[in-house]
Amino acid sequence: MTAIVETPPLARVRGRALRKLWRNPMGVVGGALVLIVVAAGVLAPVLAPYSPTEVHFSTPFQQPGTIGFALGTDDLGRDILSRVLYGTRASLQVGALSVLVASIVGVPLGLLAGYWRWLDSLISRLAELMLAFPFLVLAVGLAAINGGGLANAAFALGIAQVPVMLRVVRAETLRLKETDFVLAAHSMHAGPWRILGQHILPNAVSVIIVQATVIMPTAVIGEALLSFLGLGIQPPAPSLGIMLSDAQQYLFRTAWPATFPGIALALICLGFNLFGDALRDALDPKTGS
Amino acid sequence: MTEPLLAVTDLKVSFGGVPAVRGADLEVLPGERVAVVGQSGSGKSTTAHAIIGLLPGSGRVTGGTIRWRGEDITHAGEKRLRHLRGREIGLVPQDPMSNLNPVSRVGRQVAETLVVHGMCGRREAPKRAIELLGQAGLPEPGRRARQFPHEFSGGMRQRALIAIGLACRPDLLIADEPTSALDVTVQRQILDQLDALTRELGTALLLVTHDLGLAAERADRVVVMSEGEVVEAGSARRVLTEPRHSYTRRLVAAAPSLSVSRSPGPSGNHRAARVGENVLEVSHVSKEYRIRGRGGLLRAVDDVSFTIGRGRTTAIVGESGSGKTTTARMVLGLVSATSGAIRLDGEEVVGLRGARLRAARKAMQPVFQDPYASLDPMWTVERLIGEPLRTFGIGDRAARRAKVAELLEQVALPALLAQRYPNELSGGQRQRVAIARALALGPRLVVCDEAVSALDVLVQDQILKLLTSLQEELGLSYLFISHDLAVVRSLAHDVLVMREGRVVEQGPVADVFASPGDPYTRQLLDSIPGATVFSGHS
Amino acid sequence: MLRYLFHRLWQSALTLVLASIVVFIGVRALPGDPATTMAGEQADPATIAAIRAQLGLDQPLPVQYLKFAGNALTGDFGRSIRTGTPVSQMIAQTLPVTVQLAVYAMIIAILAGMAGGVIAAVFRGRWPEWAANGFSLVALSVPTFWLGTLAVLYLSVQLGWFPASGYVSPFQNPLRGIYYLTLPALILGLAHAAVVQRQTRASMVETLTADFVRTARAKGLGRSAVIFRFGLRNSLIVVTTIVGLQLGGLIAGAVVTERIFSLPGIGKLTLDSVFTRDYPVIQAVVLVITTSYIVINLLVDFLYTVIDPRMRVSGRAR
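Going down the list, the protein sequences come from chains U, H and B. In case it helps, this note's numbering puts the first sequence at residues 1 to 289. In case it helps, this note's numbering puts the second sequence at residues 290 to 827. In case it helps, this note's numbering puts the third sequence at residues 828 to 1145.
Hints listed in this document are in silico derivations from the structure and should not be mistaken for laboratory results. In this text, all values refer to a predicted model and were calculated from it rather than measured experimentally. Incorrect hints may appear among the rest.
[What the hints assert, rightly or not] Under 8 Å between C-beta atoms, here's a sample of chain U residues computed to sit facing chain B:
(1) Y50
(2) L136
(3) V140
(4) D180
(5) L201
Just so it is clear, CB atoms sit at the ideal spot from N, CA and C, and this is done for glycine as well.
Only chain U is shown next, with the shape it has when bound in the complex (with noise of 0.2 Å):
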């Protein structure tokens, strides 16, 4: 019975929550990153200079800078631009393809166990077991089965998320379904898929896009560090997570090979989390007016 303030008409839903973002530094330049970042892992071949996988043997170890080599070459004389280039392209394509993974999987799962209640100790009890699962040990396993890979790792990665994402979708079904919209949805007779799809999953999709926006740095960090200790991107084919690795060979001789990778994964998470949390500041009504 508490009086309801009535407030002056504001802006529409999303257009403030775009608004407050776009007023929150934060936001600006996280969104400014992921744009950078995209970018240059989508036009990774028109912009990297040599294939990614080139030697040139006469030419190992060049310092950045060197004149065709801008961020110089490794020990096999590949160029470390390119490299960098496509090791982001494939992180990306990995978190991406995880974020898919989980939400495929972790909404529809969440939908249903916080919608009915006799599924919801099913549901609840699979994610518990998934979560009893760390990524790395369902990466080992999926790599000791179909050896590693690009695919692997992201399904390993995104399976790992499925409890994460469940979790969030589900508390945001047992929320609002018991708001009275629902119920007002109820008295009209809609159906259970109707109100689940018109009704909860509209509602849930800010907080399954926050999600996403956890998902994925998780993802890139988990790939690199798959890729790191051979369980991920098999070499030759370039990851940030292989470069690593590689330069961890050599580290005491150079240490640039090891510094671009580590900053070009360090930027793609600065991102995606700068972004996500502001995404999650203008989304959230509590947070300004």
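Position chains H and B against the provided structure of chain U, taking the given hints into account.
Positioned in the frame of chain U, the structure of chains H and B alone reads:
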């Protein structure tokens, strides 16, 4: 003339540049009780918080002075304010559910106040806290002090908060809507307790409330605020009987609890009064819930029967836990009845499925309490109002659009609102949208579940008038669920009083209100704030 | 409440059984036949069959599983194909190293994270918050293993502050043991500190703007009293959850950290066994990791009931 305890002069408060209070004047004499009345957004709570220097977030005092016993405390330092808070000025906050620390024992939370102000040592504090809880009317204070807030009911929590507010015997107690979250009968008990305690201690009271009736009943003087300004101040009786400012006049006219002399309910509409033409017949309906884990059964609704005639309104009144909402949901088919029969136009609806349930639902539609929650925030007004038409597959796109425009007109909303989203509308506009949506299928019965409880008095009055005129125009029947007897009196023909799942009294509104047969009904009627103020007049 | 604890215990046991079935089936799904591997490339079918019978591989799967589960319960995971030593012995040697590393890292993460979170929440909108938030963002975005590599290069090799690799048991030589583990634990704990910090900050901010905190201030309580008595207590509940959930990431992180610093932990054992397809070891290691995850989360749930009084009665928060 005695020096005022508290003197607020031309106070201005802004939140990040947006003014919330634009010049408020207020005086409280020692031992006096002053009520600040206003609707939400009037700046009444902000004024109260500014006095003790606890403005939330970006709130800043931008002008004016606050004097406490002549001392200027407008911009007093944290050290001075800390001594002031709790020791000299106590606070009883609004919502008892969120104002106690959930992870700390209640007794400890009372004792904390005493220890902070050195009222007694750490050793004696727990004992004294129990005494204070007892004085605030908490039964078994010794046992209760060791419990956590979640083990308390709303009324008990508010008593604990009163004990905290009065622990150090302050000179002034600020009570910010102390009972608006509580049931009417509990509200009355709490207010009586607060009255008795402050009188006993000689504490002055600054009561912040949206309820004019309550203010008039409990305070010596009333200060009316609107849009950040004090529009009128004076003795409680004077403000109520001869309001000078037009805003106060509108407020007095709209307050349902004060409208004893207003038209005696919806009498008109004679074609409706034909006996035997019942839209809804509910007979011996019960609902049982299994209590998880204990194997027990809870009878939420116990053997309830009533009818609603065509074009008439039947109201169910009761406090929380009375089963009134469960009854409404059973009628709507959202909750299945354990036993009994519900007939809509003579057809049984309990246990209906498929096409026949569909038909039944077409004939009755709900309007819920909170217009913020009952409209999907992602949908436009047009889509919201058209939703029932779409789920029932009525008309094509153009026909639906025309129907929506017609409905908007019916609830007196401008057509250009059709493309807006709910959060772009005011509370009153939203409730009109909800009503338009309920009317889309041309129902015979509309179930209003606390449909006006969340609205400010003036808006509430408008919505009630809209409901009345729609009834006359369309011959609608209403099942009106409410905790507010005053609202029921102004709208309903028949009334059921429910308590703990049972009907304790039912009959025509005039009869029940004039000569209540059941002691509980009488208690409820006596609890309407402001009911006694005019008793001498009518 | 007891009901709730028993319910959780039962749930965890069920999850554990399911996890063991998954592990069992997973290992059976791996390519290659253990008997062939053990017998060698040129072994004749009779020898292979004999080994199969000896390993019990000729029996139906459910029987094999029961035998596997029964043996696992008594700590018998068979012998390593690679070295022939009992798997339980290998785990007993490597697990303590990983547990020490993980506990040390978690302690660092909790201390640093909570401190940062409190600072960020208390100094809202001022430079300490920006500094703390900046730290957590960078710590979350920079890959641990890259940082580890750089730390070895600069802090250990060039500055000589820390040993670059190696392990000394803290039980034999506490000071040296802790010294050897410090850099790996710092590196491993960093990302988790960032997560703890963000959660602490969020929960502190939520608590400090709650109605009951304003009421406490209206009683005359000071700002610092409110921060420590209310904010920290409530954020402890959140941090407890995080510790349980972070465990999966911590184990994954431990595998890399052990590799970078050449620590003889369970992570190294995992990698070695994967690359040599040493199935009994993989099976045992995965089972140990999942079991510890389930057990720790069970403990976290029990800890809740101690920290949060609302749990004591209902058994469920909200």
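Here's how the hints hold up against the structure:
no.	hint	verdict
1	Y50	violated, 24 Å
2	L136	holds, 4 Å
3	V140	holds, 5 Å
4	D180	violated, 19 Å
5	L201	violated, 24 Å
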